[in-house]
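Here the protein sequences come in this chain order: A and B.
In terms of the working numbering, the first sequence opens at residue 319 and continues consecutively.
In terms of the working numbering, the second sequence opens at residue 0 and continues consecutively.
Do not take every clue at face value.
Simulated restraints, written as ranges between beta carbons of each label pair [claimed, not checked]: (1) B:35 <-> A:557: 56 to 62 Å; (2) A:721 <-> B:112: 36 to 42 Å; (3) B:208 <-> A:566: 53 to 59 Å; (4) A:763 <-> B:317: 27 to 33 Å; (5) B:101 <-> A:720: 17 to 23 Å; (6) A:663 <-> B:101: 23 to 29 Å; (7) B:330 <-> A:758: 47 to 53 Å; (8) B:247 <-> A:538: 53 to 59 Å; (9) B:329 <-> A:376: 44 to 50 Å; (10) A:720 <-> B:247: 44 to 50 Å; (11) B:408 <-> A:718: 46 to 52 Å.
One-sided and incomplete, this derived list gives chain B residues near chain A with beta-carbon spacing under 7 Å [what the hints assert, rightly or not]: (12) 52; (13) 99; (14) 106; (15) 319; (16) 322; (17) 378; (18) 381.
Simulated from the structure, these hints should not be mistaken for laboratory data.
Just so it is clear, CB atoms sit at the ideal spot from N, CA and C, and this is done for glycine as well.
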Amino acid sequence: MSLLPAAVLLAGWSSGAQAQPQVAVLDNGLRVVVERRAHVPEVVVLVHHDTGSRDEAEGAHGTTHLLEHLLYEGSVHAPDRALERTVQALGGTTNAWTSPDELVLFAEVPEGATERLLYLQADLLAGLAPLDPADLANQQSVVLRERAEWSAAPFGEEADVLGRALWPPGHPYHHPVLGTRAAVTGATDDALQQRHLDRMGPASTVLSIVGDIDEQAIFDDVQRWFGRVPARPPAPHPAAPQPLPPPAHRRVLHPTPGGRWALSWAWRGPAQDHADEPVMALLPALLSAGQGTPLDDGSFALGGLAASTASWWTGDLGGQLELSVTLGQPRLPEAARLVREVVRTLQRAGPSEAALRRAVELEVHALLDRLEDPVERAAYRARCVARGAAPACEHDRVAALRAVTPDRVQAVAQRHLDLDGGVQLSLVPVGKGGALSGSVPVDLP
Amino acid sequence: MIVALLLTCLTTRAAPSEPPPVPPPIRPTALQAPPTVESWTSPSGTTVAALPVPELRRVAVSVRWTAGRAQLCPTRPAACEALLALLPRGPSGWQGGDWEHALDVRGISLHGWVGVDQSGLEMSVPAAHLADALALFEEALLSPALPRWDVRATRRDWRAELRREWPRDAELLRDQAYRSAWLADLPSGVAGGVGAVGELRGLRSGPLERAHAALLASPAVLAVGGGIELEAHRAALDSLAAVLQPAEPGPRSPRPVLEGARVVAVDVPAAQGGDPLSAPTWVCGARLGLPGSPAEELLGTVLWAGSTGRVDRELREERGWSYGTESGVEAIAGHHRHWMQLVVPREHVGQTIHHVEQELASLAREGPTPAEAALAAAALRRAANRTRATPESAVEHAISTVLHPATTAASHRARAEASADPAAAIQEAARRWTAPGAHGLWIVVGPRATLAPSLDSAGLPVEWWHWHRGRLQPQDTAPPTP
Numbered sequence: 319m320s321l322l323p324a325a326v327l328l329a330g331w332s333s334g335a336q337a338q339p340q341v342a343v344l345d346n347g348l349r350v351v352v353e354r355r356a357h358v359p360e361v362v363v364l365v366h367h368d369t370g371s372r373d374e375a376e377g378a379h380g381t382t383h384l385l386e387h388l389l390y391e392g393s394v395h396a397p398d399r400a401l402e403r404t405v406q407a408l409g410g411t412t413n414a415w416t417s418p419d420e421l422v423l424f425a426e427v428p429e430g431a432t433e434r435l436l437y438l439q440a441d442l443l444a445g446l447a448p449l450d451p452a453d454l455a456n457q458q459s460v461v462l463r464e465r466a467e468w469s470a471a472p473f474g475e476e477a478d479v480l481g482r483a484l485w486p487p488g489h490p491y492h493h494p495v496l497g498t499r500a501a502v503t504g505a506t507d508d509a510l511q512q513r514h515l516d517r518m519g520p521a522s523t524v525l526s527i528v529g530d531i532d533e534q535a536i537f538d539d540v541q542r543w544f545g546r547v548p549a550r551p552p553a554p555h556p557a558a559p560q561p562l563p564p565p566a567h568r569r570v571l572h573p574t575p576g577g578r579w580a581l582s583w584a585w586r587g588p589a590q591d592h593a594d595e596p597v598m599a600l601l602p603a604l605l606s607a608g609q610g611t612p613l614d615d616g617s618f619a620l621g622g623l624a625a626s627t628a629s630w631w632t633g634d635l636g637g638q639l640e641l642s643v644t645l646g647q648p649r650l651p652e653a654a655r656l657v658r659e660v661v662r663t664l665q666r667a668g669p670s671e672a673a674l675r676r677a678v679e680l681e682v683h684a685l686l687d688r689l690e691d692p693v694e695r696a697a698y699r700a701r702c703v704a705r706g707a708a709p710a711c712e713h714d715r716v717a718a719l720r721a722v723t724p725d726r727v728q729a730v731a732q733r734h735l736d737l738d739g740g741v742q743l744s745l746v747p748v749g750k751g752g753a754l755s756g757s758v759p760v761d762l763p
Numbered sequence: 000m001i002v003a004l005l006l007t008c009l010t011t012r013a014a015p016s017e018p019p020p021v022p023p024p025i026r027p028t029a030l031q032a033p034p035t036v037e038s039w040t041s042p043s044g045t046t047v048a049a050l051p052v053p054e055l056r057r058v059a060v061s062v063r064w065t066a067g068r069a070q071l072c073p074t075r076p077a078a079c080e081a082l083l084a085l086l087p088r089g090p091s092g093w094q095g096g097d098w099e100h101a102l103d104v105r106g107i108s109l110h111g112w113v114g115v116d117q118s119g120l121e122m123s124v125p126a127a128h129l130a131d132a133l134a135l136f137e138e139a140l141l142s143p144a145l146p147r148w149d150v151r152a153t154r155r156d157w158r159a160e161l162r163r164e165w166p167r168d169a170e171l172l173r174d175q176a177y178r179s180a181w182l183a184d185l186p187s188g189v190a191g192g193v194g195a196v197g198e199l200r201g202l203r204s205g206p207l208e209r210a211h212a213a214l215l216a217s218p219a220v221l222a223v224g225g226g227i228e229l230e231a232h233r234a235a236l237d238s239l240a241a242v243l244q245p246a247e248p249g250p251r252s253p254r255p256v257l258e259g260a261r262v263v264a265v266d267v268p269a270a271q272g273g274d275p276l277s278a279p280t281w282v283c284g285a286r287l288g289l290p291g292s293p294a295e296e297l298l299g300t301v302l303w304a305g306s307t308g309r310v311d312r313e314l315r316e317e318r319g320w321s322y323g324t325e326s327g328v329e330a331i332a333g334h335h336r337h338w339m340q341l342v343v344p345r346e347h348v349g350q351t352i353h354h355v356e357q358e359l360a361s362l363a364r365e366g367p368t369p370a371e372a373a374l375a376a377a378a379l380r381r382a383a384n385r386t387r388a389t390p391e392s393a394v395e396h397a398i399s400t401v402l403h404p405a406t407t408a409a410s411h412r413a414r415a416e417a418s419a420d421p422a423a424a425i426q427e428a429a430r431r432w433t434a435p436g437a438h439g440l441w442i443v444v445g446p447r448a449t450l451a452p453s454l455d456s457a458g459l460p461v462e463w464w465h466w467h468r469g470r471l472q473p474q475d476t477a478p479p480t481p
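Pulled out of the complex, with its shape left as it was, chain A reads as follows (with noise of 0.2 Å):
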């Protein structure tokens, strides 16, 4: 196990309480992060694999998810759910989750049973337990179940509708996280625990431990509980078509519960680690944080009941910046010129320097809040370890953020933000009209 140097602590960061994180890597290739914060006696260990709905091949989208529910039936020598057991009787939480380009578990239990927690996780690393029959079809029930949730919500379908229109069949992004019901009911136990072998090994994960920890003692248990699984190359990620073809529609419409319309303008950006990326970051900031932020304002403007939100996600290969204008009414022409108005001001004017900086400190404030929480801390310092980065690298990402300058800002719109491009997309209720002209339906299998 080797040791890698310390993060540099960079002043006005944290408090004197505060250690930083140290990194170290096992000889099976897992890398392990840990940092102390010990104003509550607790522990988070998490587990982040370098593994999501990305990986999945046609006909199985949604096993990802469906093996992040059977994670929880148990390792081959902890079965019957004894994790969750174990966190539970502690009084601690546990879960999970699932994304295109990652799946994490972590538990959160009282430091005293922090090395038990590293036995399990490792165990589980190791391998999964023989899954019964009945546990497996509960579980397909219980992820068919949540699908069901999503759908029946107002523009719940909505980043799944988006994720289909922008990127192009056979990309990893273009299929929902939740799948298809075909694939979650036809999942085999041979076919998930292949996966499970394949895709979450020790090379491919990252262990992060946050909170009443002693440093030293915590690398002696890692050591001692995960330095047992044995290394097992990781299978290389489906590749994305190259190049990208543009969307295949540029408007689409997709029925959605409830009685309001939303028209979705959504275009595809730059993945996490190009140099546009932290403008892009911004633009939602930018664009929709309340009173003076114009495309707030202008939805304001609409009357009735319109309002407006924008959001910009990344993955490791691309993102996507969805800003939307939600409606009483069927208004959707008129919400498409406000962003159309929106963007192309930004493109001839950029943002005022006082609006940039507005947007800066709210992002900036808004990550160092989320790394409050230790869970999410967690998470963060597994990422950054994951993309080969310092293990605080928020200070790279904040000093990436108060770089930004208007005229970078301008430039970027004018590079991403095609307003002939993108996919426009029309929310409408059930049984009702009112989509823009010339938009195809989608449908999700």
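Got chain A sorted already, so can you dock chain B onto it with the hints?
Only chain B this time, still in chain A's reference frame:
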């Protein structure tokens, strides 16, 4: 040897080369004594309470008034709601978006809220900007601009909620249904929400200014928690406390409650498309409890908190009906409301309610299993040990030591006792919740035509309500639901 090699190559499941040793022991968690809150009386007579947690980046500042809708705006709750929503929007004398800019560049967030008998203005700020933030906080509190843009935006948003043919947010409906059912003795609208559409039309600056004056004249306590260096800001805190009226600790005012368990079902038309029977349907249940009762917290854990609660084990893991249960405790009008909610297919709504009631009755008769009792006690200890986890939890603890000192002290002793014998505490609480006349309320939202057959199996009386003219009202007969 060749055969052995072949078998090795065919193996697809990795396993350690030897069994791991015995799992390491777990050191038990002790119930920590609550952290010490420093409090003093400011020169104006108002109490200031502080719980510094140096490890935290942010500081939470809270003014808590011991007055809410019932005291401040009994006939016009929308005015109180609007006032507390608009206080954070900035004081008079600031131009355009300058106020938002001043908050955003310092990372300050302001939030106001009003409840039935309490209200609050709360701020969160990075410790580095606390001095500026306290000055801004005081300015917003004393001289709200109540800007026209924001009043219009507030009216717009609330009008949208009240006028929707089918309210989009089922959670809003559940909340309103619960409050309307339980707090029916209070003046209309005081129970919760923003009142009626007619009240919004009259929402102008006059009623807001009167509500503001009433608020400033009400007793309050000032509390701060998180990464604050107390001595550096003591004078600024005294200055802020000087504009508040002193509050006295005292007993919570009792409220009459509706007796007996029953189901309130809100009839709303189904969304078009999909299978009406299996459509996801929210089911929400609640019981009223005693303030600061650890026994009832333990009971909630065993019954419906998390995946090891009885509800999740049966309805999620065994039957696959639900994605999961949410639950919590809310302080309201002198009581603690223990609630749970989950989504099940419409056809199983009645069975879900029946199952939970049966489990509660079982806990009253037989108590929990030893494993359940131990788990609940561990959760109780963990929750008690997290007072310093966030600035907000630190502030809440500081406030409770001032407003409810007897309850707070007794609560720690009660926690220690309940933690020592959780099984007895759980059974006692279950007997209280199932005693004749004990309050129990279920809320279900969905089309009457498809819900009614399922609710027959709930085993409880069902009352039908519907959304009519901007408020929830009892429904006498079944309307022609599409």
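Per the CB criterion, is residue 378 (chain B) less than 7 Å away from chain A? holds, 4 Å
Take the C-beta atom of residue 247 (chain B) and the C-beta atom of residue 538 (chain A), compute their distance, and say whether it sits inside 53 to 59 Å. holds, 55 Å
Between residue 329 (chain B) and residue 376 (chain A), is the Cβ distance one that fits in 44 to 50 Å? holds, 47 Å
So the hint says 53 to 59 Å: do the beta-carbon atoms of residue 208 (chain B) and residue 566 (chain A) match that? holds, 57 Å
CB of residue 101 (chain B) to CB of residue 720 (chain A), is that within 17 to 23 Å? holds, 18 Å
Let's test the interface hint: is any C-beta of chain A closer than 7 Å to that of residue 322 (chain B)? Interface hint status for residue 322 (chain B): holds (4 Å vs cutoff 7 Å).
Restraint: residue 381 (chain B) near chain A, CB-CB cut 7 Å. Satisfied or not? holds, 4 Å
Regarding residue 330 (chain B) and residue 758 (chain A), is the given constraint of 47 to 53 Å on their beta-carbon distance met? holds, 51 Å
Taking 46 to 52 Å as the hint, is the beta-carbon distance of residue 408 (chain B) and residue 718 (chain A) inside that range? holds, 50 Å
Does residue 99 (chain B) meet its interface restraint, that is, does its C-beta lie within less than 7 Å of any C-beta in chain A? Check passed: Cβ of residue 99 (chain B) comes within 6 Å of chain A, closer than 7 Å.
If you check the beta carbons of residue 763 (chain A) and residue 317 (chain B), does the distance land in 27 to 33 Å? holds, 29 Å
Restraint check, 7 Å cut-off on beta carbons, for residue 106 (chain B) near chain A: holds, 3 Å
This entry satisfies every hint, going by the numbered hints stated previously.
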